[in-house]
Amino acid sequence: MAHDHHDDDHHGSELSEMQLRVRALETVLVEKGYIDPAALDVLIEAYETKIGPHNGARAVAKAWTDPDFKRALLEDGTKAVLSLGLLSRVGDHLIAVENTPSRHNMIVCTLCSCYPWEVLGLPPVWYKSAPYRSRAVNDPRGVLADFGVKLPSETEIRVWDSTAETRFMVLPMRPAGTESWSEERLATLVTRDCMVGTGLPLAPQKAP
Amino acid sequence: MDGIHDMGGMHGFGKVEPEPDEPVFHAAWEGRCLALNRAMAATGAFTIDMARAAIEALPPEVYLSSSYYRKWQLRLENLAVALGLAGADEIEAGHALRPGRKLPRKLGVADVANSLTRGSFGRPPRAAARFNVGDRVRARNIHPATHTRLPRYARGHVGIVEALRGCYVFPDTSAIGQGENPQWLYTVAFEARELWGDGAERLSKVSIEAFEPYLEPA
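Sequence order for the protein chains is R and H. Just so we're aligned, residue 1 is where the first sequence starts under the numbering used here, counting upward by one. Just so we're aligned, residue 1 is where the second sequence starts under the numbering used here, counting upward by one.
Hints should not be assumed to be uniformly reliable.
Listed next, the in silico DSS-like pairs over lysine-lysine satisfying Cα-Cα at most 25 Å (straight line) [what the hints assert, rightly or not]:
1. LYS15/H x LYS150/R
2. LYS106/H x LYS50/R
3. LYS102/H x LYS32/R
4. LYS106/H x LYS32/R
5. LYS150/R x LYS128/R
Label pairs and their calculated CB-CB ranges [to be verified]:
6. ALA82/H x ASP41/R: 22 to 30 Å
7. HIS54/R x VAL109/H: 18 to 26 Å
8. GLY177/R x GLY122/H: 36 to 44 Å
9. THR100/R x GLU61/H: 39 to 47 Å
10. ALA218/H x ARG103/R: 22 to 30 Å
11. GLU92/H x PRO208/R: 47 to 55 Å
12. SER120/H x GLY177/R: 38 to 46 Å
13. PRO152/R x GLY122/H: 35 to 43 Å
14. HIS143/H x GLU45/R: 42 to 50 Å
Hints are computed from structural coordinates only; laboratory data are not their basis. Glycine included, every Cβ here is placed at the ideal spot set by N, Cα and C.
Taking the hints into account, I'd like the entire structure generated from these sequences.
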């Protein structure tokens, strides 16, 4: 392939090599008339600021305080998240799965990196990494231990492999001691990892 | 394709290492690369399944030793050449040497907000669904050399249909230019011991999203 001059021989310069390589491809595709570079700038900004786990956290906090919304979220995640008005559109078939005292859910994509971008943002490196993708399905408790999470041995662990265009998010359990908390305050306890199922919500005293 | 990308259940990759306060991008080129891929996908020149297949087709040693966005860059270069969108000589030169092809769409600044949403892959069904919720099904023992979304670890194993998700574009045909060929999609749950043997936990289950052609009655 063009430009493929034994990159593995000089790991240290991957950054500059990749900068040049991406720029070369962009220049070709712009000159061919396929893309508008100004649209790329707007896309990057949107990925850095508009989408992210703050959207998912709002949905979880609302589900914790509003039983009707919780029912709607579990019934049709796409429609329910859209109704929050945070996003102009939500991709098809977002599925929210509920943690209970007897069942803990965890999301993975063993084949690539499928992840609910609209509600969680772009996936972190670990989610796309070989260790997570290989072990989530056959050693979920070991993976949880890597995240410092230990669940009772009688808790069923359910792993959802995102092998199609359906996307999953976990609805974690509401932490004890938050009974009087507002939706906005509750949202501060909802971490990205607890919506992937590799973490639990923050304890109330850990609220930022 | 029984490739390196099909990682579920493999051993030897070590611990998961979360990075505290991870940035959205680790270098500016990563964001540029992602945006470039998204803008090219928006032209309609290739399907999402073709794009995934192009990553899976990277040589295993390249797949394993490249960062995530480096794989995206290599994939887009390869796709551009394979689909006749640009020549290898042009990518090497860093400039177009010939005029481009006419593509169905071009992503403009005003289209970006909508392009943040994933495409819609649901399609009207052409036949009634073959399986019902609660049915026992076996994931077929198939090994296509082309793109498929049936992971190796599930093949040959028996699970229970938990949900019917609707009818969707079939990746196996969409990836090789043979059309959308919509198929019913099911959530099928397998006991951990069915997949991994008696040493696995009794109380764990793994589900996959399985297209109807991946399944047979059990």
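Here is how each hint holds up against the structure:
no.: 1; hint: LYS15/H x LYS150/R; result: 16 Å, holds
no.: 2; hint: LYS106/H x LYS50/R; result: 22 Å, holds
no.: 3; hint: LYS102/H x LYS32/R; result: 9 Å, holds
no.: 4; hint: LYS106/H x LYS32/R; result: 11 Å, holds
no.: 5; hint: LYS150/R x LYS128/R; result: 22 Å, holds
no.: 6; hint: ALA82/H x ASP41/R: 22 to 30 Å; result: 28 Å, holds
no.: 7; hint: HIS54/R x VAL109/H: 18 to 26 Å; result: 24 Å, holds
no.: 8; hint: GLY177/R x GLY122/H: 36 to 44 Å; result: 42 Å, holds
no.: 9; hint: THR100/R x GLU61/H: 39 to 47 Å; result: 43 Å, holds
no.: 10; hint: ALA218/H x ARG103/R: 22 to 30 Å; result: 24 Å, holds
no.: 11; hint: GLU92/H x PRO208/R: 47 to 55 Å; result: 49 Å, holds
no.: 12; hint: SER120/H x GLY177/R: 38 to 46 Å; result: 41 Å, holds
no.: 13; hint: PRO152/R x GLY122/H: 35 to 43 Å; result: 38 Å, holds
no.: 14; hint: HIS143/H x GLU45/R: 42 to 50 Å; result: 43 Å, holds
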